[in-house]
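> Going down the list, the protein sequences come from chains D and E. Residue numbering for the first sequence is 0 to 688, as defined by numbering that gives the first Met the number 0. Residue numbering for the second sequence is 0 to 323, as defined by numbering that gives the first Met the number 0.
No lab work stands behind these hints: they were computed from the structure. Please read these numbers as outputs of a predicted model, since none were measured by experiment. Built from N, CA and C at the ideal position, the CB exists for glycine as well. Careful, some of the hints might be misleading.
Said to hold, decoys possible - Not the full set, but computed from the structure, chain D residues with beta-carbon under 7 Å of chain E:
| no. | residue |
| --- | --- |
| 1 | Phe181 |
| 2 | Gly221 |
| 3 | Ile260 |
| 4 | Ser273 |
| 5 | Ala278 |
| 6 | Glu308 |
| 7 | Trp362 |
| 8 | Asn364 |
| 9 | Gly366 |
| 10 | Ser375 |
| 11 | Ile441 |
| 12 | Met552 |
| 13 | Lys684 |
To be verified - Here are a few chain E residues that face chain D, going by a calculated C-beta distance under 8 Å:
| no. | residue |
| --- | --- |
| 14 | Thr68 |
| 15 | Tyr72 |
| 16 | Ala146 |
| 17 | Thr149 |
| 18 | Lys203 |
Stated by the list, open to error - Listed below are the simulated DMTMM-like cross-link pairs for lysine to aspartate or glutamate, each with C-alpha atoms no more than 20 Å apart in a straight line:
| no. | chain 1 | residue 1 | chain 2 | residue 2 |
| --- | --- | --- | --- | --- |
| 19 | D | Lys639 | E | Glu119 |
| 20 | E | Lys100 | D | Asp49 |
| 21 | E | Lys125 | E | Glu138 |
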Amino acid sequence: MRIAPTLRPWIAFGLFAALCYALRDQAGWIVKYPTPWVIPLEAWLNVAMDWFVAHFQTIFRGISWAMEWPMTGIQATLHWLPWPVTIAIFTAIAHRAGGWKLAAFTLGSLLYMLITGYWFESMNTLALVGVSVPLSVAIGFGLGILSFRSNWAWRIVDPMLDLMQTVPAFAYLIPILLLFGFGPVVGLIASAIYAAPPMVRNTMLGLQRVPSDIRESGLMSGCTPRQSFWWVEVPTALPQILVGVNQTTMAALSMVIIAAIIGGFGDIGWEVLSTMRKAQFGQSLLAGIVIAIMAMIMDRVTRGLTDRERNLAESHTDSSFQRHRHLIVGGGAAVAFLVLAHVVAPLKSYPESWIVHNAVADWLNHGIDWFVANYSAVTDGLKNSANFFVLLPLRIGLLKAVYPKFWGFAMTPEIAAAYWIGMVALAAWCFWRGRQVLGIIIAIAAPTLFWGLEGMPWPVFIGLVGLVAYLAGGLLTTVFVVASFGFMLVNGLWAETMRSVYLCGAAVLLCFLIGGALGVWAAGNDRVSAAMRPINDTLQTMPQFVILIPVLMFFAVGEFSALLAVIIYAIVPPIRYVEHGLRNVRPDVVEAAKQIGCTDRQILFDVKLPLALPVIMLGLNQTIMYGLAMLVIAALVGTKGLGQAVYLALGKANAGMGLVAGLSIALVAMSADRILQAWSRRKRKALGL
Amino acid sequence: MSKLGCKTRNLVMGCALALATGGSAMAADLGATDEPIKLAINEWTGQHVTTHITGMILEKMGYSVEYVTAGNYPQHTAVADGTIHATMEVWLNNAGEIYPKMIESGKEVEIGPLGLDTGEGWMYPKHVAELCPGLPDWEALKDCAEAFATPETFPNGRILSYPADWGNRSEQMIKGLDIPFTAVPAGSEGALVAELKAAAAAKKPLVMMFWAPHWVLAEVDIDWVKLPAYDPACETDPSWGVNPNEVMDCGLAPPDTVKVAWSGFKDKWPAAYAFMEKFQMSSTEQQKMMLAIDQKGEKLEDVVGAWVDANEATWKPWMDAAVN
Chain D
0 MRIAPTLRPW IAFGLFAALC YALRDQAGWI VKYPTPWVIP LEAWLNVAMD WFVAHFQTIF
60 RGISWAMEWP MTGIQATLHW LPWPVTIAIF TAIAHRAGGW KLAAFTLGSL LYMLITGYWF
120 ESMNTLALVG VSVPLSVAIG FGLGILSFRS NWAWRIVDPM LDLMQTVPAF AYLIPILLLF
180 GFGPVVGLIA SAIYAAPPMV RNTMLGLQRV PSDIRESGLM SGCTPRQSFW WVEVPTALPQ
240 ILVGVNQTTM AALSMVIIAA IIGGFGDIGW EVLSTMRKAQ FGQSLLAGIV IAIMAMIMDR
300 VTRGLTDRER NLAESHTDSS FQRHRHLIVG GGAAVAFLVL AHVVAPLKSY PESWIVHNAV
360 ADWLNHGIDW FVANYSAVTD GLKNSANFFV LLPLRIGLLK AVYPKFWGFA MTPEIAAAYW
420 IGMVALAAWC FWRGRQVLGI IIAIAAPTLF WGLEGMPWPV FIGLVGLVAY LAGGLLTTVF
480 VVASFGFMLV NGLWAETMRS VYLCGAAVLL CFLIGGALGV WAAGNDRVSA AMRPINDTLQ
540 TMPQFVILIP VLMFFAVGEF SALLAVIIYA IVPPIRYVEH GLRNVRPDVV EAAKQIGCTD
600 RQILFDVKLP LALPVIMLGL NQTIMYGLAM LVIAALVGTK GLGQAVYLAL GKANAGMGLV
660 AGLSIALVAM SADRILQAWS RRKRKALGL
Chain E
0 MSKLGCKTRN LVMGCALALA TGGSAMAADL GATDEPIKLA INEWTGQHVT THITGMILEK
60 MGYSVEYVTA GNYPQHTAVA DGTIHATMEV WLNNAGEIYP KMIESGKEVE IGPLGLDTGE
120 GWMYPKHVAE LCPGLPDWEA LKDCAEAFAT PETFPNGRIL SYPADWGNRS EQMIKGLDIP
180 FTAVPAGSEG ALVAELKAAA AAKKPLVMMF WAPHWVLAEV DIDWVKLPAY DPACETDPSW
240 GVNPNEVMDC GLAPPDTVKV AWSGFKDKWP AAYAFMEKFQ MSSTEQQKMM LAIDQKGEKL
300 EDVVGAWVDA NEATWKPWMD AAVN
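Put together the whole structure using the sequences plus the hints.
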């Protein structure tokens with residue numbers, strides 16, 4: 000029998016894996032990497048860190064001191080302004096950016112902060128964002144120009160950006176705390192690190208896309224290179240740069256919670272964290288909503304201003320009153336309120352007796368308690384079946400997970416033999432029917448499910464990801480991926496990595512099944528799509544800590560809760576990307592499929608989904624990123640793995656350990672990213688897109 | 000170091016007395032009253048009460064006080080470099096490894112014990128006694144592991160323990176006492192509280208590591224598992240106690256709570272330092288105030304202010320000893 004060339008590497012891998020599995024008992028190191036082989040990178044990093052802190056601390060403290068001024072300035076101003084004035088100003092800005100609808104939303108949101116009694120904290124958060132966004136934008140813009148101008152700079156900046164976005168902030172909290180000193184500035188730095196990359200990428204993209212004739216016409220009209228850059232290229236690239244500003248703003252806001260973990264600032268993030276510590280769901284939800292609506296307003300406003308910028312470039316017909324009427328009306332109202340506030344006391348500071356907070360929060364808390372008291376049988380059933388039939392087999396394998404008490408039978412040798420025969424038959428059937436991919440998947444799943452991910456020899460896992468990387472992206476990708484997982488191995492984090500891979504893998508799989516189905520539904524139904532959008536926005540902008548409490552109350556500390564927490568956060572990208580991909584399939588192709596008499600089902604599965612696959616794969620990429628980002632938060636509900644390692648390092652004030660664990664999370668993310676991006680590019684090319 | 004010296008309760012008292020007599024001899028000068036003393040505010044209400052009482056009395060002495068929110072671990076970096084000047088309620092059972100590091104560096108100093116009457120150990124919501132007859136005696140746990148078993152720990156029972164970054168005492172005790180249980184780290188204080196509340200509401204089985212005083216104990220009825228009494232020998236000598244082969248076959252010593260200051264505090268505000276050395280917090284009083292704030296929704300400032308007004312007899316001597 001001739002073996003198809005595509006199958007040859009898989010057969011080689013299969014033989015290698017079988018050998019590893021066979022040697023499990025004789026050579027223990029093949030499953031459990033021996034501790035003496037672990038390199039002391041952690042200790043070296045600590046030595047380097049101590050030296051660096053001792054020599055350069057003064058400089059960083061200086062930066063920290065310089066940044067505190069604008070922040071306390073904005074903070075003092077916002078606290079001094081009577082609340083109606085602030086509301087008038089922000090509503091006017093919102094109206095300018097997005098018309099009456101956005102203005103009404105902004106007005107309602109600000110009133111919400113007032114009524115729930117979070118005005119003071121919200122203004123502190125705003126001050127924080129007011130410094131961190133310009134800072135991230137400035138850094139990102141600078142790096143973007145640098146990378147655009149110089150090729151070698153880009154080579155350094157590019158991998159840096161990946162790290163900045165994927166190493167969790169908790170991992171470098173200790174080093175920046177030592178360097179910059181205690182206080183909200185640490186939060187600023189963390190948010191600048193995390194939020195700058197989209198600005199860099201969009202600045203570069205914008206500048207690269209400036210058409211050469213525009214550049215030339217600038218030179219022909221006698222511009223110096225400097226003039227040409229600032230007066231011709233940057234304005235032309237502005238719409239794209241503003242997209243970067245939008246994304247950076249959102250990212251910066253998602254990091255304000257880090258500032259709260261350090262403290263030094265009574266901001267809204269502190270409220271979320273304190274109430275999370277008390278497990279008060281109602282209070283933490285009310286505080287979390289403030290951050291969510293702040294993010295939504297900033298998103299809509301920056302996007303609205305971007306669109307305006309685009310439109311303005313095309314038409315200049317507005318009279319100057321029309322163009323400035325927002326400013327005139329808003330400013331007028333602001334001044335009027337400022338004067339009025341000195342006469343009418345409640346306008347100066349909102350009276351405490353008007354605050355509706357505890358009643359609503361208690362009502363929410365009672366709701367949760369009531370649900371727990373009455374439906375714990377349901378939630379327990381759900382949790383136990385997920386554990387027994389999905390999570391445990393995946394982690395420790397069917398061999399250990401099958402207990403007579405829950406499964407109704409024991410894992411006797413006969414049943415094990417039946418399992419293997421069944422799996423081999425299934426795989427063989429797949430190959431015989433020409434479904435190679437499915438056959439390979441079954442061949443890999445069979446031993447994995449039997450011995451579990453924890454029982455998988457590390458050479459098998461590294462070989463598998465290496466092979467997948469090779470088939471998707473070639474040699475370079477393979478080298479990167481193998482080196483990444485090698486890093487975790489030699490640093491003694493293999494068990495933690497497998498735990499994280501397992502948790503994230505299960506979460507991503509479920510996200511894709513559920514989120515994908517929702518995305519398909521939304522793609523075919525405008526009303527569903529419209530209803531889902533605000534839910535998605537909320538899930539993505541609400542601090543993740545808020546959802547932990549109800550999950551814990553319903554499902555208790557454990558892996559299932561962690562899994563749910565990851566899913567709730569990471570389910571948004573599959574919904575969005577699947578919908579986006581399906582909606583953007585070329586209509587003429589769908590029309591043609593209809594003409595030749597395809598059923599709706601056939602159109603979806605045989606036409607639309609395959610064509611949308613590259614976009615959907617990018618969604619998968621995002622899902623993995625979100626899932627890994629949530630790992631550290633999920634550690635708060637008690638999971639083992641890389642997330643917990645990051646927390647342990649924080650408690651020990653061990654900078655090296657934190658960095659190594661954080662870097663491991665980043666490398667898992669980057670490996671997945673490299674593989675999926677390469678695969679998506681090939682697929683796109685093959686489809687002629 | 001007094002952290003090591005004050006391990007048992009009797010010694011805590013001894014240390015407190017020693018510090019108290021030592022303190023009165025050397026204080027009188029108020030020091031830099033024009034500069035505010037910054038006190039750390041952590042994430043739990045008991046600490047807010049302790050700190051605000053300190054702050055109010057310091058204000059009565061003529062100081063100005065600022066309250067700065069600070070995370071449990073990061074606050075030690077702040078106290079060490081003088082960004083925050085003191086933190087009034089540090090629990091040594093969850094201070095992490097960063098705290099001993101800072102004390103060792105000499106940048107942070109322990110002012111002395113806070114005097115809270117604390118307890119720590121395994122506990123369960125009252126209804127659990129029906130699921131495991133024989134409780135609160137710890138030996139009952141030997142026979143009812145199955146009642147507490149979960150998919151992740153089966154066939155062992157599950158004991159919810161502290162977050163991994165607070166140490167692994169539950170695990171050691173399970174090993175020491177040789178009971179068929181597995182310790183599951185909770186991840187965060189919020190997770191501990193959420194599970195306790197949920198178990199009480201749904202009448203579900205739960206045994207967990209916890210400490211007192213804690214506000215949630217006013218809300219949920221609990222009992223402590225009766226463990227063999229703590230003895231220092233239990234931590235080091237395997238032959239001590241019920242299990243001749245293992246250490247940690249006993250309950251836990253009550254955790255120490257201490258007051259901690261920046262190393263430059265004493266020179267800058269000598270009288271304030273002397274007062275803080277004397278300052279003691281009673282658990283019953285603190286618990287009453289926590290209840291008023293967390294459960295009855297009263298304002299922190301009002302509750303603490305009322306206590307300060309009503310208890311001048313308690314704190315006046317501390318203040319007088321410091322100033323005169």
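> Indicate, hint by hint, whether the structure satisfies it.
Verification of the hints:
{"no.": "1", "hint": "Phe181", "in the structure": "holds, 3 Å"}
{"no.": "2", "hint": "Gly221", "in the structure": "violated, 55 Å"}
{"no.": "3", "hint": "Ile260", "in the structure": "holds, 5 Å"}
{"no.": "4", "hint": "Ser273", "in the structure": "holds, 5 Å"}
{"no.": "5", "hint": "Ala278", "in the structure": "holds, 4 Å"}
{"no.": "6", "hint": "Glu308", "in the structure": "violated, 39 Å"}
{"no.": "7", "hint": "Trp362", "in the structure": "violated, 13 Å"}
{"no.": "8", "hint": "Asn364", "in the structure": "violated, 9 Å"}
{"no.": "9", "hint": "Gly366", "in the structure": "violated, 12 Å"}
{"no.": "10", "hint": "Ser375", "in the structure": "holds, 4 Å"}
{"no.": "11", "hint": "Ile441", "in the structure": "violated, 26 Å"}
{"no.": "12", "hint": "Met552", "in the structure": "holds, 4 Å"}
{"no.": "13", "hint": "Lys684", "in the structure": "violated, 45 Å"}
{"no.": "14", "hint": "Thr68", "in the structure": "holds, 4 Å"}
{"no.": "15", "hint": "Tyr72", "in the structure": "holds, 6 Å"}
{"no.": "16", "hint": "Ala146", "in the structure": "violated, 14 Å"}
{"no.": "17", "hint": "Thr149", "in the structure": "holds, 7 Å"}
{"no.": "18", "hint": "Lys203", "in the structure": "holds, 6 Å"}
{"no.": "19", "hint": "Lys639(D) / Glu119(E)", "in the structure": "violated, 24 Å"}
{"no.": "20", "hint": "Lys100(E) / Asp49(D)", "in the structure": "holds, 13 Å"}
{"no.": "21", "hint": "Lys125(E) / Glu138(E)", "in the structure": "holds, 17 Å"}
Consistency note: the structure conflicts with the earlier hints numbered 2, 6, 7, 8, 9, 11, 13, 16, 19.
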